[in-house]
Every structure is written in structure tokens, then in C-alpha cells.
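K.L.:
Protein chains in written order, with numbering that gives the first Met the number 0: chain A, 0 to 390; chain B, 0 to 161.
In short, the hints are calculated from the structure, not lab data. Since we're looking at a predicted model, the values are computed, not measured. Mixed in with the good hints, there may be bad ones.
Claimed, not checked - List of simulated lysine to any residue pairs, SDA-like, C-alpha gap at most 25 Å:
no., chain 1, residue 1, chain 2, residue 2
1, A, 211, B, 3
2, B, 8, A, 27
3, A, 378, B, 8
4, B, 8, A, 300
5, B, 151, A, 20
6, B, 19, A, 374
7, A, 27, B, 155
8, B, 19, A, 309
9, B, 151, A, 291
10, A, 369, B, 26
11, A, 369, B, 7
Unchecked claim - Selected chain A positions facing chain B (in silico; Cβ < 10 Å):
no., residue
12, 35
13, 52
14, 268
15, 301
As the list claims (entries may be wrong) - Partial chain B-side listing against chain A, Cβ under 7 Å, derived:
no., residue
16, 23
17, 24
18, 26
19, 142
20, 144
Backbone N, C-alpha and C fix where the C-beta goes; we use that ideal spot for every residue, glycine too.
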Amino acid sequence: MRNPLAQKVVEIKPSGIRKFFDIVSEMKDAISLGVGEPDFDTPWHIRDEGIYSLEKGRTHYTSNAGLVELRQEICNYLKRSQGLTYDPKGEVLITVGGSEAIDVGLRAMCDPGDEVLIPQPSYVSYEPCAVLAGAVPVIIDLKAENEFRLTAAELEEAITNRTKILILPFPNNPTGAIMEKKDLEAIAEVIIKHDIYVMSDEIYAELTYKEKHVSIATLPGMQERTILINGFSKAYAMTGWRLGYACGPKEILTQMTKIHQFAIMCAPTTSQCAAVEALKNGDDDVAAMREEYNQRRRFLLNAFREMGLDCFEPYGAFYVFPCIKEFGMTSEEFATRFLEEEKVAVVPGTAFGDSGEGFLRISYAYSIEKLREAMSRMKRFVEKLRAEKSA
Amino acid sequence: MGIREELLKIIERNSRIDLKELAVLLGAQEIDVVNELQKLEEEGIICGYHTMINWEKTSVERVTALIEVRVTPQRGQGFDNIAERIYNYPEVQSVYLISGGYDLMVILDGKTLREVSTFVTDKLSTLDTVLSTATHFILKKYKDHGTIFGTKPEDERETFTP
Numbered sequence: 000m001r002n003p004l005a006q007k008v009v010e011i012k013p014s015g016i017r018k019f020f021d022i023v024s025e026m027k028d029a030i031s032l033g034v035g036e037p038d039f040d041t042p043w044h045i046r047d048e049g050i051y052s053l054e055k056g057r058t059h060y061t062s063n064a065g066l067v068e069l070r071q072e073i074c075n076y077l078k079r080s081q082g083l084t085y086d087p088k089g090e091v092l093i094t095v096g097g098s099e100a101i102d103v104g105l106r107a108m109c110d111p112g113d114e115v116l117i118p119q120p121s122y123v124s125y126e127p128c129a130v131l132a133g134a135v136p137v138i139i140d141l142k143a144e145n146e147f148r149l150t151a152a153e154l155e156e157a158i159t160n161r162t163k164i165l166i167l168p169f170p171n172n173p174t175g176a177i178m179e180k181k182d183l184e185a186i187a188e189v190i191i192k193h194d195i196y197v198m199s200d201e202i203y204a205e206l207t208y209k210e211k212h213v214s215i216a217t218l219p220g221m222q223e224r225t226i227l228i229n230g231f232s233k234a235y236a237m238t239g240w241r242l243g244y245a246c247g248p249k250e251i252l253t254q255m256t257k258i259h260q261f262a263i264m265c266a267p268t269t270s271q272c273a274a275v276e277a278l279k280n281g282d283d284d285v286a287a288m289r290e291e292y293n294q295r296r297r298f299l300l301n302a303f304r305e306m307g308l309d310c311f312e313p314y315g316a317f318y319v320f321p322c323i324k325e326f327g328m329t330s331e332e333f334a335t336r337f338l339e340e341e342k343v344a345v346v347p348g349t350a351f352g353d354s355g356e357g358f359l360r361i362s363y364a365y366s367i368e369k370l371r372e373a374m375s376r377m378k379r380f381v382e383k384l385r386a387e388k389s390a
Numbered sequence: 000m001g002i003r004e005e006l007l008k009i010i011e012r013n014s015r016i017d018l019k020e021l022a023v024l025l026g027a028q029e030i031d032v033v034n035e036l037q038k039l040e041e042e043g044i045i046c047g048y049h050t051m052i053n054w055e056k057t058s059v060e061r062v063t064a065l066i067e068v069r070v071t072p073q074r075g076q077g078f079d080n081i082a083e084r085i086y087n088y089p090e091v092q093s094v095y096l097i098s099g100g101y102d103l104m105v106i107l108d109g110k111t112l113r114e115v116s117t118f119v120t121d122k123l124s125t126l127d128t129v130l131s132t133a134t135h136f137i138l139k140k141y142k143d144h145g146t147i148f149g150t151k152p153e154d155e156r157e158t159f160t161p
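Please work from the sequences and hints to get the whole structure.
P.N.:
In C-alpha cells:
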């Protein structure tokens, strides 16, 4: 029989996070600090709006780009939070999660051989999506000494005459790193000089703990070369609703909408109705969740400090990224032993790129009680490893 | 904004939290937290540290009643005087002045139905200023002070990739 598969797809490696979770789900009283989704349920008034839309019989397709009302609310949100102006008709596309926006955006913008710059450690989808779009992913290894921010020098070094897009994943999963305005200004200068585009994945925009998130699209000359991606999963704890969006120049959004229209038709109507409520009346919920995440973030950083474990202070998302290089083992070895010996699951930094070697991703989308127990196990484990080493 | 509001929100849910941990969560010094707590107590903002108990799960017999009370306000005193007369009874848990169809909401804990009805007929209704009462017995508490009684929800998040 003929090989039924496309070589391009077969060659894509499966995600590295999976393996650990499979073990965790088998293990009794294991604590997982591995999940990358909020532990909060969607605020009730948002769920209620979804239910109400069903009761009213809003069970039909929406327009391809999404409910006009929702697109308008997204524009209002970007205006009040970032001072950005987008036209709801033509510059906004509602997608099935931020992930679809990444996929569709890359497919709309890349010709075969175009290079897509992907700073790593970062979310695991960028690279395969670039490959599937026919582009060539080019990895930029971010460094711990820069707190995993992207520097202008690193960017400059990676650019060739084939470079088309830079993916800018901040606030960052898995490191928790953010890019502040001064960092972005340095990047924007290089972007404009080389005439490339930015796909700015701002899904964690609402979860920052230092200053308010700044979008690169707000910098002079950048809005016309930025695809801004965001969604409802992280800010409003709406992961299961699968709803995100992309905003950007009409020329690009028109083509993205074309792909979306043929592949997906439109994002789920119930989710869109609920999302309108989230944007209209959800600010207080976001603030309350942010406050709680921040408490947990402080709790973990303090726990690492007490263990003497090296960790830069992350100001975004809901992850910390401690360094385990002192133990002389790989991230995967550490994570495997930690799971086997203390029944705590964390994700090896290498799941997010080679530059994650020597680090662990620990999610704090867990209750403080769980984190407390996990940290006491981690302390015991770390002390054991140090004793082994000195013996 | 200082740590005050965030501190209150944390201890409203967990008043037994370790002081050191409280300071960590707030990103503050322990001494500042201690001082703030003392100030809040002195200012009467923190009025006590209580425990949420689901009495239904114990063998103790208890009934709780909500009593709507209509009263005649007194000149120069408004409702304060009559409210004081009522809240001084130790079996009275709470007294609120309410807008709408009646004036005071009295929450009462008693051992038995009889004890509660005796209080209403003998003590409450006989006060000069009380015009009428309507007593509602609580059949089941689902949620109190933001705490849901019943089984604790489990973490139902499924594993997924990425």
C-alpha cells in the first residue's frame, strides 16, 4: 500500500509535556504542577450569559469573522487597555482559541522558505505551525541572564534576507518573563529596519505583576506590521470555551479570515456570547484572579529562596522557571526523579525548546494548599540531592 | 494602596493563616503585617476571628430562624434603641436594619423550634415598638459567608498537550 501520510507531518515531534502527564494520571496522590490552565472556573456571570444565549436559541453560525458585537467589545478593550484603535469590520478575527489565530496567521503570511523567528523557551505550537505553513522556523535561544527577554542583538543576529515574521510570546509561557516598553522599543527598531512583521502572542496580557502589559503594536510604526493575538482562556479562565482573536492590518486579516472561513466557518456561538459579557463586566474578576496568582507567585519564589534554589523573578503568566543546574542533571532527569520519588509533576524546561535545559516549568494555577504541600516535598527532594552530591 | 484590603480579603477566608506566610503572600514584611493587623483590630475593622461550622454534620441539634420585624421608630432614636433591645439577647446572632417591606432582620439560633417560637412570642412580639413579626426557619444551608457546604470540588482538569 502507498504511504498514506505526509512526510512534513510525520516529522513533527509530539509535545514533550505529554509523557509526564501520562505517568501522573496513573499515580495515586501525585501532585501535578504541570497544567497550563487556570484552576478557577469561568466566573458565573459569564457562564450564565452562555446559558442564556442557548435558552434564547442562539444556536446558529455567526458571521465568519465573529459576532460584530464581540468584535466591537474587543476593539473597546484594546482601546481602553492599550490605546490601540482597530476597526471591528476588517481588522478583527474571532478564532477558536489563540492557537487557531497563530496557525491561520502563519498560513496567511508565509510562502515556502520564508523564515519565522521563534524565541525559545516558548509555547510548543509555534514551531509545528510554522512548519505546517511551509515556513522555516528559526529558533532564537533566550538567556537566563536576560531574564529570558528577547534582546535587539539576539534578534539582529537571527535575521536573514528570508526572515518574514518574528513571533513575540510575552508574557511568556513557560518562563513567566515579560517585555517592558524599553525592551520592546529596542526590538521595534530592528523590526522596522529589516522590514519584517511581528506576531505578538499576548494571551497572558492580563496576568502581569509589575507593570501593566504593553503591546508592541502601540509603538510608533508597529501597528501596521503587528498581528496581535489574544483570547479569553487565561484572563477569564475560559480555556474550555476555545475562544481567541487576532487583530491587525486589514490586508492580512482578510486573508486570515479566508482560511478561517474555509477551515472553521466561525468560532462557537455560545462562547462568543459569553465572551461579550466577559469583556463588558469581567474586569473585577480578572483583578481578583490576578491578585491571587500574585500571592501564589510570591509564595513559590519565597519557597525557592528558602531552598536556596536559583530563580529569576518572573512578572507574568502563571509560571515560575527555577534553575536546577546545580544538581548536574538534565531537566528531564530531575523531573522524572522528582515525580518518582516525591510524586510531584513539573515540566522539564526542554519541553519548550533546547534553551530550557537546566530549568523547570512550575505552574501556579493551583491552590495555595497544593503549592504548600508540593514545596515541602520539593525542599525534601532538593536536600536529598544535595546530600547525594556531597557524599 | 497599602496591604490593608488584600490582607483583609485573605484573612476573611482563612483567619488561621500563619503570619509568616501571610507576609509572603502580601509581599510585605512580617512586622508590617503584625502592625496592620493590630491597627485593624483597634479600629474595629477586624471584629473577631470566627470559624465556619456546618452544624448539620454534628450531633448537636440547632435551628436557625430569620425573623422579619416591623417596628415603630422612636423620636430621636430612630431604630437604634429597639435594635439594641433585641441584639442584647444572647440567642440573637445578627440584627440588620433593612430597606423594603419590614424594618429589622433578626437571625436567631435556638436548640429547638419551641425555643425559637417562645423567644418570638414571649420576648420579641411583646416589645412595645414591635408591630409584627414573620418567622422563617432555615431548612438547609447551602452556602454561608462565601463558603459552600457540601463535598469539596475535585480538580477535574484533564491532561492535555501542549
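K.L.:
Quickly compare the C-alpha distance for residue 8 of chain B and residue 300 of chain A to 25 Å and report which way the hint goes.
P.N.:
holds (21 Å)
K.L.:
Regarding the pair residue 211 of chain A and residue 3 of chain B, is the alpha-carbon distance no greater than 25 Å?
P.N.:
holds (22 Å)
K.L.:
Please verify whether residue 369 of chain A and residue 26 of chain B have alpha carbons no more than 25 Å apart.
P.N.:
holds (20 Å)
K.L.:
Hint check: residue 369 of chain A vs residue 7 of chain B, CA-CA at most 25 Å. Holds or violated?
P.N.:
Measuring from Cα to Cα gives roughly 22 Å; hence the hint holds.
K.L.:
Per the CB criterion, is residue 268 of chain A less than 10 Å away from chain B?
P.N.:
Violated - the Cβ of residue 268 of chain A stays beyond 10 Å from chain B, reaching only about 23 Å at its closest.
K.L.:
Would the hint on residue 52 of chain A be counted as holding, given a Cβ-Cβ threshold of 10 Å to chain B?
P.N.:
Constraint on residue 52 of chain A not satisfied, violated at 24 Å.
K.L.:
Given the hint that residue 151 of chain B pairs with residue 291 of chain A, test it: the Cα-Cα distance must not exceed 25 Å.
P.N.:
holds (20 Å)
K.L.:
Quick one, is the residue 144 of chain B hint okay against chain A at 7 Å, beta carbons?
P.N.:
Violated, because the Cβ-Cβ distance from residue 144 of chain B to chain A comes to roughly 17 Å (cut-off 7 Å).
K.L.:
For the hint on residue 301 of chain A, does the least C-beta distance to chain B fall short of 10 Å?
P.N.:
holds (4 Å)
K.L.:
Does the CB of residue 23 of chain B sit less than 7 Å away from some CB of chain A?
P.N.:
holds (4 Å)
K.L.:
Does residue 24 of chain B pass the interface check with chain A, least Cβ-Cβ distance below 7 Å?
P.N.:
holds (4 Å)
K.L.:
Residue 8 of chain B and residue 27 of chain A: Cα distance at most 25 Å?
P.N.:
Outside the cut-off at roughly 33 Å; violated.
Hints 2, 3, 13, 14, 19, 20, counting from the list given before, are not met by this structure.
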